[in-house]
Amino acid sequence: MSGNLLEVSDLHTRYGRVEALSGVSLSVPQGHIVSVIGANGAGKTTLMNSVMGLLPSQGTVLYGGEPMHNVPLEARVARGMCLVPERRDLFASMSVQDNLTLGAYSRRRESWKADLDDVYRRFPRLLERRTQLAGTLSGGEQQMLAIGRALMGKPKLLLLDEPSLGLAPLIVRDILLMVKHLRDDGLTVLLVEQNARASLAISDEAYVLETGAVKMSGPAAELIRNPELTASYLGG
Amino acid sequence: MQIFDPSIFPVLFADGLTNGAVYALLALALVLVFSVTRVIFIPIGEFVVFGTLTLAALQSGKVPGTLGLLLVLLGVAAIMQAFGQFRAGQSSRGLTTLVGGAVIGAVLWFAIGALAPMKLPLLLQSLITLLLVAPLGPLIYRVVYQPLQNATVLVLLIASVALHMVLSGLALVFFGPEGSRTPPFLSGDLKLGQVTVSQQSLLVILASAMLMMGLFFFFERTMIGKALRATAVNRVGARLVGISPTASGTLTFLLAALIGGVSGMLIGPSVAMGYDSGFLIGLKGFIGAIIGGLVSFPLAAGGAVLVGLIESFASFSLSAWKEVIVFTLILPVLLWRSLITKHIPEDEE
Ligand SMILES: Nc1ncnc2c1ncn2[C@@H]1O[C@H](COP(=O)(O)OP(=O)(O)OP(=O)(O)O)[C@@H](O)[C@H]1O
Ligand SMILES: [Mg+2]
Chain A
1 MSGNLLEVSD
11 LHTRYGRVEA
21 LSGVSLSVPQ
31 GHIVSVIGAN
41 GAGKTTLMNS
51 VMGLLPSQGT
61 VLYGGEPMHN
71 VPLEARVARG
81 MCLVPERRDL
91 FASMSVQDNL
101 TLGAYSRRRE
111 SWKADLDDVY
121 RRFPRLLERR
131 TQLAGTLSGG
141 EQQMLAIGRA
151 LMGKPKLLLL
161 DEPSLGLAPL
171 IVRDILLMVK
181 HLRDDGLTVL
191 LVEQNARASL
201 AISDEAYVLE
211 TGAVKMSGPA
221 AELIRNPELT
231 ASYLGG
Chain B
1001 MQIFDPSIFP
1011 VLFADGLTNG
1021 AVYALLALAL
1031 VLVFSVTRVI
1041 FIPIGEFVVF
1051 GTLTLAALQS
1061 GKVPGTLGLL
1071 LVLLGVAAIM
1081 QAFGQFRAGQ
1091 SSRGLTTLVG
1101 GAVIGAVLWF
1111 AIGALAPMKL
1121 PLLLQSLITL
1131 LLVAPLGPLI
1141 YRVVYQPLQN
1151 ATVLVLLIAS
1161 VALHMVLSGL
1171 ALVFFGPEGS
1181 RTPPFLSGDL
1191 KLGQVTVSQQ
1201 SLLVILASAM
1211 LMMGLFFFFE
1221 RTMIGKALRA
1231 TAVNRVGARL
1241 VGISPTASGT
1251 LTFLLAALIG
1261 GVSGMLIGPS
1271 VAMGYDSGFL
1281 IGLKGFIGAI
1291 IGGLVSFPLA
1301 AGGAVLVGLI
1311 ESFASFSLSA
1321 WKEVIVFTLI
1331 LPVLLWRSLI
1341 TKHIPEDEE
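Those protein sequence lines, which keep their order, are chains A and B. Last residue of the first sequence: 236 in the numbering used here, with the numbers rising by one and none dropped. Last residue of the second sequence: 1349 in the numbering used here, with the numbers rising by one and none dropped.
If you're looking for bench data, these hints aren't it; they were derived computationally from the structure. Glycine included, each C-beta is placed from N, C-alpha and C at the ideal position. The reader is advised that the hints may include incorrect statements.
Computed Cβ-Cβ distance ranges for the label pairs, DEER-style [unchecked claim]: (1) B:1337 to A:66: 46 to 56 Å; (2) B:1298 to A:12: 27 to 37 Å; (3) B:1104 to A:75: 39 to 49 Å; (4) B:1339 to A:31: 41 to 51 Å; (5) B:1323 to A:12: 36 to 46 Å; (6) B:1117 to A:130: 41 to 51 Å.
Computed footprint of chain A on chain B, listed as stretches where at least three residues anywhere in the stretch have a Cβ under 8 Å from a Cβ of chain A [stated by the list, open to error]: (7) 1079-1086; (8) 1154-1163; (9) 1308-1314.
Not everything, but these chain B residues come out facing chain A in the computed CB check (under 10 Å) [stated by the list, open to error]: (10) 1116; (11) 1117; (12) 1209; (13) 1240; (14) 1241.
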């Protein structure tokens, strides 16, 4: 493999007559954090859901060099693509621990006990609350659980859709730091964020999405100094 | 007319509890099917009928009509499955599906044809009955509901009504117009103080309770059971951890058909069952399920037992009004539910 774990080219997604993505191309190198930033309604969630296979789309998605066109969502999960969706989609009426064990559903024939310990080590808060119902957790805890559940699937590529949504700045920092640690441990991450400055700080590359198309892209360290971007996304 | 004669109460109570236990099983199946697939499974009653009539046919040494029904469904399902596989360019898989379906069909045809006239012991006949009735669930899911996976609750309901009519029509074709009863698994009575209860009644209550406990264990302790619950709680979340809605639906319908078939064998000795009896029986389970708001298992089971009790007392004191009383019950229940539940938008995900 040439080093790109994920390659998206000319992706089109429509809701009825409205085209939400019009020809998006991006690549995610193995072991990097790539972030996608953009305003509300730019199509970030649509992009993540299309890549994951939750939404039907036109264009090519290559994962590990293989076209995903005919691969259903469940099979993508089994191959190590895990999405933490914007709405988290936890199993609200089930316990924290059940949520996590279900995260390992696609590989239930392997042992995942060690991974459960690993998730609890990364998120000690979840260990304290392992018998609590997921729906009764605080927003920050729910986000940790959503990430933990995805990690239980032993992902090769982690897709994170706005992990900071609705969270206090301090928790956002914790979570983004956690994402960085995951990258350091070898995980590849595609990250969608409103919080452009914080996400650029931990990313290797970034793409700026505007009304369904890529407006700018490049190494995160360059984009963060780009005056045009600074004006519109980094608050001056 | 003597309406209240307290000395008969224990007998009515035992009767009500026996039928109520079976309605409770049906209510659980309905809640399960609805919460996992959003299907209001009106044809559950047909599975009860199939259970009773299949066992009755085996009792008299005849090949049960269920076999024909099963083979027809197997054929349709295999063709649909293979068609999908051919279209996706997987022609060797499609061929395997067709050949596999034909082989399974042929094996069933010969095996049941040979076993049916042998008048095997009742327990073996019950197993054969389940072997014939249970697969109808997944096959019906494949043929009717899987293609409608993304349809609204209303469309699924319409499909259920249609399916109910088709199945009771097919039951007439395959089983004929006469009804039958099955023999009790246990004969004889048990004296509990002043009250005499038939051993069969106790068996029904015990078997229902055990089946419910088994289901409880399955949903609380096993990964697959939890996966079904997860699908019910959050469909998107379930897909994102790799639980396929099709697999969940198939398993759910297998469980529902199994529960329906067992219920049919349990209730068979106390009800004269005809090809068209399913609707009323299913409806009684349905009232229980409604009491549980189609989501709560314990409430649904409790409600269904209540239906059984009311039916039993009503049939004694006001027998002409029995069904009216039972079904009128649904009105106050609906009113009560609409008062206590918050309105949940249909497509929550
Ligand atoms: N189910 C849908 N039906 C119709 N239009 C939709 C649907 N979902 C999203 N859209 C539209 O597609 C566009 C992109 O939406 P998307 O959710 O991808 O934006 P986003 O970048 O994730 O925004 P946010 O930052 O607010 O999460 C928006 O204009 C939105 O209104
Ligand atoms: Mg979004």
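Count the residues of the segment 1308-1314 of chain B whose Cβ falls closer than 8 Å to any Cβ of chain A, and tell me whether that reaches three.
Our answer is that it is violated, as 0 residues pass the Cβ test (under 8 Å) against chain A, missing three.
Is the interface hint satisfied for residue 1209 of chain B? The criterion is a beta-carbon contact with chain A at less than 10 Å.
violated (25 Å)
Tell me if the interface restraint on residue 1116 of chain B is satisfied: Cβ within less than 10 Å of some Cβ in chain A.
violated (39 Å)
Assessment of proposed distance window 41 to 51 Å (beta carbons of residue 1339 of chain B, residue 31 of chain A)
Once the Cβ atoms are compared, 57 Å apart, the range 41 to 51 Å for residue 31 of chain A and residue 1339 of chain B is violated.
Given the range 39 to 49 Å, decide if the beta-carbon distance of residue 1104 of chain B to residue 75 of chain A lies inside it.
violated (26 Å)
Look at the Cβ atoms of residue 1323 of chain B and residue 12 of chain A and judge whether their distance stays inside 36 to 46 Å.
The hint (36 to 46 Å, Cβ to Cβ) is violated, given that residue 1323 of chain B and residue 12 of chain A are roughly 57 Å apart.
Does the beta carbon distance between residue 1337 of chain B and residue 66 of chain A stay inside 46 to 56 Å, or does it fall outside?
This hint holds: roughly 50 Å between Cβ atoms.
Supplied contact hint for residue 1240 of chain B, tested at 10 Å Cβ to chain A:
Holds - the Cβ of residue 1240 of chain B comes within 10 Å of chain A, reaching about 6 Å at its closest.
Confirm or reject the coverage of the segment 1079-1086 of chain B by chain A under the rule of 3 or more residues with a beta carbon closer than 8 Å to the chain's beta carbons.
violated (count 0)
Against chain A, run the beta carbon of residue 1241 of chain B and see if the smallest gap drops under 10 Å.
holds (5 Å)
Verify the CB-CB distance for residue 1298 of chain B and residue 12 of chain A against the hinted window 27 to 37 Å.
At roughly 48 Å between Cβ atoms, residue 12 of chain A and residue 1298 of chain B fall outside 27 to 37 Å, so the hint is violated.
Are there three or more residues in the segment 1154-1163 of chain B whose C-beta lies within less than 8 Å of some C-beta in chain A?
Three-residue rule not met by the segment 1154-1163 of chain B, so violated; n is 0.
When the structure is compared with the earlier hints, violations turn up for hints 2, 3, 4, 5, 6, 7, 8, 9, 10, 11, 12 and for no others.
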